[in-house]
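K.L.:
Numbering follows numbering that gives the first Met the number 0, with no gaps: position 44 of the sequence shown is 43.
Source of the hints: derived by calculation from the structure; they are not laboratory data.
Treat the hints with caution; some may be incorrect.
Said to hold, decoys possible - With a Cα cut of at most 30 angstroms, we get these calculated DSSO-like pairs of lysine-lysine:
no.: 1; residue 1: K341; residue 2: K385
no.: 2; residue 1: K124; residue 2: K195
no.: 3; residue 1: K421; residue 2: K341
no.: 4; residue 1: K57; residue 2: K195
no.: 5; residue 1: K195; residue 2: K376
no.: 6; residue 1: K420; residue 2: K432
no.: 7; residue 1: K320; residue 2: K421
no.: 8; residue 1: K341; residue 2: K157
no.: 9; residue 1: K320; residue 2: K420
no.: 10; residue 1: K31; residue 2: K78
no.: 11; residue 1: K86; residue 2: K27
no.: 12; residue 1: K57; residue 2: K86
no.: 13; residue 1: K266; residue 2: K195
no.: 14; residue 1: K385; residue 2: K420
no.: 15; residue 1: K432; residue 2: K341
no.: 16; residue 1: K171; residue 2: K341
no.: 17; residue 1: K385; residue 2: K165
no.: 18; residue 1: K195; residue 2: K320
no.: 19; residue 1: K266; residue 2: K320
no.: 20; residue 1: K27; residue 2: K165
no.: 21; residue 1: K376; residue 2: K341
no.: 22; residue 1: K135; residue 2: K57
no.: 23; residue 1: K27; residue 2: K57
no.: 24; residue 1: K86; residue 2: K135
no.: 25; residue 1: K159; residue 2: K78
no.: 26; residue 1: K383; residue 2: K341
no.: 27; residue 1: K135; residue 2: K195
no.: 28; residue 1: K124; residue 2: K31
no.: 29; residue 1: K124; residue 2: K157
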Amino acid sequence: MEIKPFEEVNISPTKVASLSLLYGKYLKTENKQLAILEEDENGAMSLRWLCTFFEVTKVFRQVDTNEYAYEFEVSGLLKTVSTRISKSTITRRNFSELSRIGMNMDERHITEIMEYVFLSEVNAKLITESSFVGWKQNHFFGRNTDNWNYTGSLLLRKSKTYDYEKLAELLKEAYALQFSLVVGASTCLQGYLGQKIPLSTPIIHFWGNTSQGKTTALQFAVSVWGKPVPENGMMSTWNATENFLMNNRLANNFALPVALDESSICKFDLTSAIYNISQGINRQRLNKDVTPVNTRQWLTQILSTGEMGLLEQTLNNNGLKARAFEFQIPVTLNAEHSNRVKTFVHSNFGHIGEALIELLEDSDFEDVLEVFTENRKQILDEIKHKTPITDRIADYYSLWMTTAQILQEYLEVPVQPDEIKKILLNHHKELFKTFDT
0 MEIKPFEEVN ISPTKVASLS LLYGKYLKTE NKQLAILEED ENGAMSLRWL
50 CTFFEVTKVF RQVDTNEYAY EFEVSGLLKT VSTRISKSTI TRRNFSELSR
100 IGMNMDERHI TEIMEYVFLS EVNAKLITES SFVGWKQNHF FGRNTDNWNY
150 TGSLLLRKSK TYDYEKLAEL LKEAYALQFS LVVGASTCLQ GYLGQKIPLS
200 TPIIHFWGNT SQGKTTALQF AVSVWGKPVP ENGMMSTWNA TENFLMNNRL
250 ANNFALPVAL DESSICKFDL TSAIYNISQG INRQRLNKDV TPVNTRQWLT
300 QILSTGEMGL LEQTLNNNGL KARAFEFQIP VTLNAEHSNR VKTFVHSNFG
350 HIGEALIELL EDSDFEDVLE VFTENRKQIL DEIKHKTPIT DRIADYYSLW
400 MTTAQILQEY LEVPVQPDEI KKILLNHHKE LFKTFDT
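Can you build the whole structure from these sequences, using the hints too?
P.N.:
Rendered as structure tokens:
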């Protein structure tokens, strides 16, 4: 039903003073309409109807694209309706599209209506949106707050409760399972330290015959941050393009692990992919107008599984060995243990990651860096037979050792750093055999 314009001429100064005007001249009427107070050349005051009353309640700034959007609340006859509209579409031609949610307007007065929109923007709540997850100035971004929305594909989620006693039972003497948990948590420390020291993105590959708990290792690592299901983006397979992996899983990720199951189904060149992933930046491309496309970066770790070594599917040169860490070890104790772990992580997830974030935010960066540096020196001292890449991979040995210590000493997660160190030293021992010294 069309609402016809109304006028109320010769409003007395007393009545004008009693009106609760918005931005000096706009008014919400008793019947939920937006009107404007005007004065003619003779000084007489009148109200002119503009449209159904609405407000701009939120302004969204999308960091990735530097675009803005409004959230409107329109006062309908029966209820208030909210909608979101890109600021770029707020034009004389497109504004009338708000009629689809119940707004009526006099399109002859679109100039005043649009002025009201831009005035009300000042009082609206500003919310920043970004697909970035990780650390900036020792503060973690990626959890939704009152003024920050995460828009990426990697979803932080936390179960209602977390059974630490059951966790201790599952981890007892299962040192490779402990290691997968440590790796899953270490991506947060990696992003934290990566604010100041140079680190890259490695692949940690669990391989061997079936029924050794390889997929369970991925699920356990991801459960540090969220439910280990494909919907959260962290849990996936190698059945994707390299471009999708870099732009939809890795880009803007400076904190969360990405798990890729079954390397045998990978359809792209792993040699170049491992180098590209390690560099932490996507490929340089041009727009249609020959201007550069903005590059996107990351710093994290990929956990991988397969029935054969990952490097067997590459040219297997020494540079790859510093970027892909391979472990041929049973992760779970037996099939029954594996099933119990899988059941556990589907109802216990997200708590360890949140606790780690809060701990690091309250820590002094230099203190954390000192522990990392000391662990690096210590493990290098224990490696008797060095390879040409030992110094490079010591960064990651130290990262995992430091994470294990933090989990055990500060978060009471029952992992054993000494057993993690044994796994790493054995990894280096096997790695040494592949070099012609």
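K.L.:
Below or equal to 30 angstroms on CA atoms is what counts here, so check K159 against K78.
P.N.:
Distance ~33 angstroms between K159 and K78 Cα, so the pair is violated.
K.L.:
Holds or violated: are the alpha carbons of K135 and K57 at most 30 angstroms from each other?
P.N.:
Holds. K135 to K57 sits at ~25 angstroms (cutoff 30 angstroms).
K.L.:
Does the alpha-carbon distance linking K266 and K195 stay inside the 30 angstroms limit?
P.N.:
Violated: K266 and K195 sit about 35 angstroms apart, past 30 angstroms.
K.L.:
Quick one, are K31 and K78 close enough, alpha carbons at most 30 angstroms?
P.N.:
11 angstroms, holds
K.L.:
Hint check: K420 vs K432, CA-CA at most 30 angstroms. Holds or violated?
P.N.:
Cα-Cα ~19 angstroms, so holds.
K.L.:
Would the pair K57 and K86 pass a check requiring their Cα atoms to be no farther apart than 30 angstroms?
P.N.:
12 angstroms, holds
K.L.:
Assess, step by step, whether the Cα of K421 is no farther than 30 angstroms from the Cα of K341, and give holds or violated.
P.N.:
25 angstroms, holds
K.L.:
Given the hint that K341 pairs with K385, does the C-alpha gap stay at or below 30 angstroms?
P.N.:
Distance of about 38 angstroms is beyond 30 angstroms: violated.
K.L.:
Does K195 pair with K376 here, judged by a C-alpha cut-off of 30 angstroms?
P.N.:
19 angstroms, holds
K.L.:
Given the hinted pair K341 and K157, is their Cα-Cα distance within 30 angstroms?
P.N.:
Within the cut-off at roughly 16 angstroms; holds.
K.L.:
Straight-line Cα separation of K27 and K57 no greater than 30 angstroms?
P.N.:
Distance of about 19 angstroms is within 30 angstroms: holds.
K.L.:
Measure nothing beyond the straight line between the CA atoms of K266 and K320; if it is 30 angstroms or shorter, mark the hint as holding.
P.N.:
At roughly 21 angstroms apart (the allowed maximum being 30 angstroms), K320 and K266 satisfy the hint.
Figure legend: structure checked against the earlier numbered hints; hints not met, in rising order: 1, 2, 4, 13, 15, 17, 20, 21, 25 and 26.
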